[in-house]
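The task is to assemble the complex, starting from two chains supplied on their own in separate frames and drawing on the hints.
One line per chain: the protein sequences are A and B, in this order. Last residue of the first sequence? That's 539 in our numbering, and every number before it is there in order. Last residue of the second sequence? That's 475 in our numbering, and every number before it is there in order.
If you're looking for bench data, these hints aren't it; they were derived computationally from the structure. Heads up, a few of these hints could be off.
What the hints assert, rightly or not - Chain B is faced by these chain A residues, among others (derived, beta-carbon under 10 Å):
| no. | residue |
| --- | --- |
| 1 | Leu86 |
| 2 | Leu230 |
| 3 | Lys305 |
| 4 | Pro306 |
| 5 | Asp379 |
As the list claims (entries may be wrong) - With a cut-off of at most 20 Å between alpha-carbon atoms, the simulated EDC-like pairs for lysine to aspartate or glutamate come out as follows:
| no. | chain 1 | residue 1 | chain 2 | residue 2 |
| --- | --- | --- | --- | --- |
| 6 | A | Lys137 | B | Asp345 |
| 7 | B | Lys176 | B | Glu232 |
| 8 | A | Lys162 | B | Asp158 |
The C-beta atom is built at its ideal place from N, Cα and C for all residues, glycine as well.
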Amino acid sequence: MLQTLKTTLLKVIDLTALGFLEPYVRLAYGEEPTKQLRKIGQFTVVPVLVIIAGLLVWATMISPNVKTKSGELPSPTVVASAAGSLHQFAIREGNKEAAYVATGEEREAWLADVEAELESIGAEVESANATVVEARKAEAASKSERIAPLQAKVDALKTAMKEERAAKQAALKEQAASLPVGDNPQRAAYLGELAGLNAWLDEQKAEIDTIDDQIKLIRDEKDPAVLAALSQQTAVAEREQYLKKMAEQLGEDNRQARVATGQEKLDVAKTTFFNAEGAAAFNAAKKVISAEERLAKTEESSYAKPATLYYQIQRSILCVFAGFFLGSAIAIPIGVLCGLSTTFMGAMTPFIALFKPVSPIVWLPIALIVASALIPDPDKHWFTQWMWELPLIGQYKINPAFMASAVTVALCSLWATMVNTALGVASVDKDHLNVAKVLRLGFWSRLFKIVLPSSLPLVFAGLRISLGVGWMVLIAAELLSSSEGIGKFVWDQFNNGASDSFAKMMVVVFIVGAIGLLLDRIMVVFQRLVSFEGSIAAV
Amino acid sequence: MLTELLERFVTAPRPRRVLPGVAAAFLVSAGTASALGPAEVPAVDSGETEMLDLEKDELKFGFIKLTDCAPIVIAKEKGFFDDEGLSVEVIAQPNWKTLLDNVISGELDGAHMLSGQPIAATIGFGTKAHIITAFTMDLNGNGITVSNAIWEQMQENDPALDTDQPSHPISAAALKPIVEERIADGEKLQMGMVFPVSTHNYEIRYWLAAAGIHPGMYTETDIGGRTDAQVELSVTPPPMMPATLEAGNIQGYCVGEPWNQQAVAKGIGVPVTTNYDVWKNNPEKVFGVTKAWADENPQTMLAVTKALIRAGRWLDETDDAGYLVNREEAARILSRPDYVGADYDVIKNSMTGYFYFQRTDKRAMPDFNVFYKYFCTYPWYSDGVWFLTQMRRWGQITEPKPAEWYHATAKEVYKPDIYLAAARMLVEEGFILEEEIPWDTDGYKPATDEFIDGKTYDGKDPLGYLASFQIGNPE
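One chain only, chain B, in its complex shape (with noise of 0.2 Å):
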């Protein structure tokens, strides 16, 4: 059923222009990928919305109380839901576990997911389930937060560290005599992420194994992965870090927005990098839905995908001088009690492009939310590619695995032809401009070295990726 309407949007003779785009990511590997889409984002004169032959018109979406559920809550409020003839319930979750089981149960139509979510539903790590994805959220807009004693022992063990504004990106270089003094008295210390297969889980693990502290590996029997773990790793839900941080259980934390913020506003905690520093412009979140949802309402997954993009288009348009100019409108919304529900002033730290580090330390950082920016809402290959070479290197996936799997698993979750076409529709009702979406692209980022570790990641070699690494599973 996808296909066949997929192919009515790629064959059917159009009046008004051949589809380029579509017509190459068909063909695949066209060419190499060109450049990271532009950085900035004019206003556009709106245009006439096309209405789909809906399916189901009565959605229900799940959401979990981050800043970066953002798309969802703006496409719904600023009525870009509306103009594709979709009524819209937006609902909040209480857990990452609950949010994917509602998806799965039907409960829900679809959700604010993190990005190893629907790779490990389909391949089976946790839950069970086909899950897809045609909308990539956003990118960035995580940090890391240590407690205020660790800190100041960081600053102990590196004087640059001790000054109201030090010098980033921060490694965890500082934290690894930390780690070895807690190791020789017989303790170890404990970290908070709050999901096994969150970007956060990725995240924290590459800025400890970056600076040689092994965060512990998944194996079969442990599926809990502290395996050799020098620091120990546990599942917090996001909005519950601060108070475990406070309450010692744990000594630091990865996690979304507005909780390392939170952490600074109530002086309980010092966030020491974002995931910005760990690797430069990130897939975040991305929008899922089951596979058999989607092929049984595909033009509601068309609308769906274009009320999301433009949604993305809103909170990244900027004016003349780069300014971002929805983005307090969307921290007044977002901060509603029903959408994410913290304080305005909180919220809009970074929403704005503010990152406080400590009540003195705030700093300009424009990309620490990107919508739409860097062609973000694009569905990447590499990114699934990304994640799936994270699950093997901790033991989450308990196999080698040839690279063509790699592949295909991300082929198997990543839809960038329903992005596409989606694409295509607004271009041609003028919502948004031809260069803003990777037409002719293979689906694969060109090759990055922008990690804290200075590592190059290609995304067409998995293998190569994984050997590179010192610490967790070489293939």
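Pulled out of the complex, with its shape left as it was, chain A reads as follows (with noise of 0.2 Å):
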């Protein structure tokens, strides 16, 4: 039993690929421990302290040697706070949501604890407030007494130097006043004398310039206490707001509130209606059914909420998925046909050859073109009403520039799918084919019962080839169509260019590469499920 289990497991690390587990179930079962420890050691632990040893190298000296006027690489723990960050705004944002349809005693006991909340960060906001400041005079004093040395230095120098120049200047001029005309040698010396003072004023000015240059450093200077400060500041001021906010989600906004106003009008409405008298009935009775619907809205009605980076997680995923099967539907068969005939390989070749290497910065804005040509206006369009309509997928709101991210991912991906898919029909094994023609099979039966079953592995392997492909290729493509997704944060990110956006696309780089590792691993998997030796039957 246990031994079964050893087994099954070791075929499961192996189908996944997952090659550094295998010495800790050896090790479990007791087998050859000194070596199992030294593979742990090989595959765990050195892999371990490489990746301390570079997190170490970029918090101690690349962060801090990075700097730049557009911005400094930021830190891995201000990586790690960004990463908070982010997900704080989509806690509350989630929360501001729930606040919305929140009803009955829950809502009251919340609201009660966001007014309690609300009420004690006053305080807080405004010693916030006071440290800003107080660093800010500290930062300014401290500022202007390193300047006050060099400034003072500066304004010497320039005195002496305007007062040096008009001095040499004026005696320049009276020598002029006295130059013998005709005596040429004199006068290359007087012309000597005038370059010499200009080039004695350019020695005069650089100097300034070096002080000035060490002044606008210091003013340039960031002191650590004043971002401190400011950065407290800002936590605090976004907490308030987003607890303004809430109190107004669960109070007056709240849906159940709007709901009971929206009754009130109705009743008011109907009174009017069956109160009234002559021509006054029509217009009475449009007041009802007018306050009829909007209650049905108000009823129906939900928080706007931004995206979150979790939201636009998921909905790149989705999109690299969209064009990942679009583009092996389109791919496989292509590539088979390529396979089994060297005349429609013949036909192929030119496009593939022509179209392999075009760039998704390229297919883009054709993709999209053609998109919003296909559903001109998405909000009435049937296609994307009934995308919007489905479970599960229908809140990710499939737009034209989702479907032109995804079709540039299919076109940019499917090259590796249909190449390896031809590569692997055109080399099954003759011998099966031969038995195929002694059986007398048909067409179809012999592709699926020979062709494709041989060729599967090869095939895997180009759909995980394709599915990294584009993965990459997506985060370009969502960022120039501005489709939600990763892409589109990474963007707006660029574009906010506050203190902590460097740092917040940094998290983006780790959160991409992890996806990028998952979706890789689960194609392993299906590859080797596919391929003969690793097939499920063997587990």
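This is the structure in structure tokens:
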């Protein structure tokens, strides 16, 4: 029993290509402990150490030294806190959404909590503001203290230079008045003197400039105390704002409260209608209908929640798979035909060769134009309407920008699958085909019983490459099409240009990497499942 | 449909008050325009919103990450859209072109637009589509920034600039020798602006041309606008400006906030002038929708305009001392990552009425951003005509046009009747005051000479204005 579990575990590890786990299993079964420990050291400890070393190098050597005027490379702690603030944003927006639809006692209790917090935060806001003011003052004082001697030096140099220049120029002018005409050597010497004066002036200016630059550097310095005070102030102010909004969402702006107001208005309208006489009854009736409609809309209304990073990640993954399946649906049949018939392959080669190297940046605008042409008004078009009504997928609001991104992913990623499928089909063992001939199998049975099964490993190898390419392409496509997703997130952050924008973009680097890794692992599993040595039967 | 609705507002007997404003707007040119609006906006006791029969209540509006998108963001965050029964999603757009395309394709219902965009789209310069506006979002708000190196050379050329607080306005005269020197060396100074039909393009051209520097003409074959240019202008999206300047691809740019303050904060450039100095209280952004959308959703259009007017008013609300009471909160809201997203500190400068020209040069500019005062939100025909004159001046409109064409085109784009209907409802609901809206205007602001070159602009005489320029098409 235990032994079978071990074999299964090892098979699963092998299947998912998570080889580093293997020594743990073997160690648990007491199999050659020293050898396993060495393997653990080799495949777990060493990589972990390298990661730690990398983080250390990043934290201590790279990020403090890479500072340009456009910004600085965020350190690991800054990136971690940026990830925290992204998460917080998502949580807060989620709360606002939930608060809007909260009802009854739950709503009241929540509102009481929020109001209590709101009351206590006033003092915090004030103290944070005071800290900023003080930190600023301290910074200004220390800076002006450091600048003052330099500035004095510059001023002294400038006056000295001006005086000396005036004196020398006056002397030269006097000399010029008495220059004898025709005495060219003397005149040449005079020219030399003037040039000398200019050179001396340049020297003086350069000296002043150096000190000026020092002053500028001091002015540009960012005082850590001020930065800390500012970020504290921002955190508190943002929390205050959030609490205020929450109080509204739970209070007067709450859906339940709105429904109640709508109901009241409807009742008033109804009373008016019931008492109305003559022509006025028509108008009163109209009002009742419109009040009813409004009430129905209010009952179904929801908070217009901005896209959070989590939503964007989900939408990106949906988009990459949409593109991937679309691409595969095109690539595999064409690949099979190419593999089966050299004539067809010959016919397709020019297209493949021509379109394969085209960059996503080129496909995207074309795809966008086509998608928007097919769906001129996404709010009314039956296709988008139908998509928005679907369970699960509906919330991602598939629109032309999404479709264009998916099509771009498909167009860029299908080539690996197509080429690999063609190769796989073309390299089916001749013996197998001969057997098929002997058995007089028809085209379809030959295709599904012989050709496809034996070419599957290569097809999946192609699909794996395609998905990887698609994921990379998608980020660029979203960035350009501004289809809600990770790419748009990156572009928005870049546009924000706030002090934490770079850190937030770094967070995305890790997220994109992790998702890419995960997708690759998934494809590896599929690839092994269809290949001979890793088939399901073997587990 | 729209006219039908408006007629209802205009002609329906009202128990409370007659409607001089709306009626006057329909009768057109009922006397001269009044002086330019109140300069202070007191708080009002809030009223109650009367719901309209909305055709559509879930809307998507686009914006570009600039502080002047504030009215849309504030209308959402302060619940003014909610009050009208609208659920609005506000979505950042990567650039002006995509924003316009998304409005035209129906992906967005409406958007924060450059004043020139609806006009250009309507006359078919660039993408053709009939876009209208019933709401001007703000006045002023742009700056012209040059790189540190250029600033130093300008200081050398004009020693008066070589102080910590040089006197304003700074003209491009000190830039001219640099431009000429560059041309003698066989190269041209490169500067950035954000879009071919953006206010920034016209403002930087105006500023350069006022000092006798030719910024280049658009022709039928040269859609980059560089024919005869002494300074070459190119398009760069606003958020990319500081980085592009630092990389040395451009030596200066004209852009909205926070991207000038960002240059100061990062120490890479010096804002030399703001568009307040180029043209005092010039129109900047508008809220644009397609005509088809407005025709299909007339009630929704009114509701949106109402919410936006209230947002503009909220932004410009002052206390007795004239202090803009809501601007810090607005800056805090705008600094959220899903809105403008720049640091609060950077946004706060210009939003609360201050502007850093250098680290050492912080000045009070209470009118740097105007969202409501001076009849700001009214969609003036004369603003449209001004943009048309500039499009003609620089050759974006390739043929000379008669004066009537200017007026007719402005009237196709600017829709004060919708604005006035919305404002009338707000007055009755108690959200705004009667005197804050120019009820009796014919849509043309009084002639003004508050330009950097001292020229007089009268919206009623576009051809005379064009003829007054030395550089650019004279007719």
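To see whether the hints hold, each was checked on the structure:
1. Leu86: 8 Å, holds
2. Leu230: Where the cut-off is 10 Å and the nearest Cβ of chain B is about 6 Å from Leu230 (chain A), the hint holds.
3. Lys305: Interface hint status for Lys305 (chain A): holds (8 Å vs cutoff 10 Å).
4. Pro306: 4 Å, holds
5. Asp379: 6 Å, holds
6. A:Lys137 / B:Asp345: Answer holds: Lys137 (chain A) to Asp345 (chain B) is near 16 Å, not above 20 Å.
7. B:Lys176 / B:Glu232: Holds: Lys176 (chain B) and Glu232 (chain B) sit about 13 Å apart, inside 20 Å.
8. A:Lys162 / B:Asp158: 17 Å, holds
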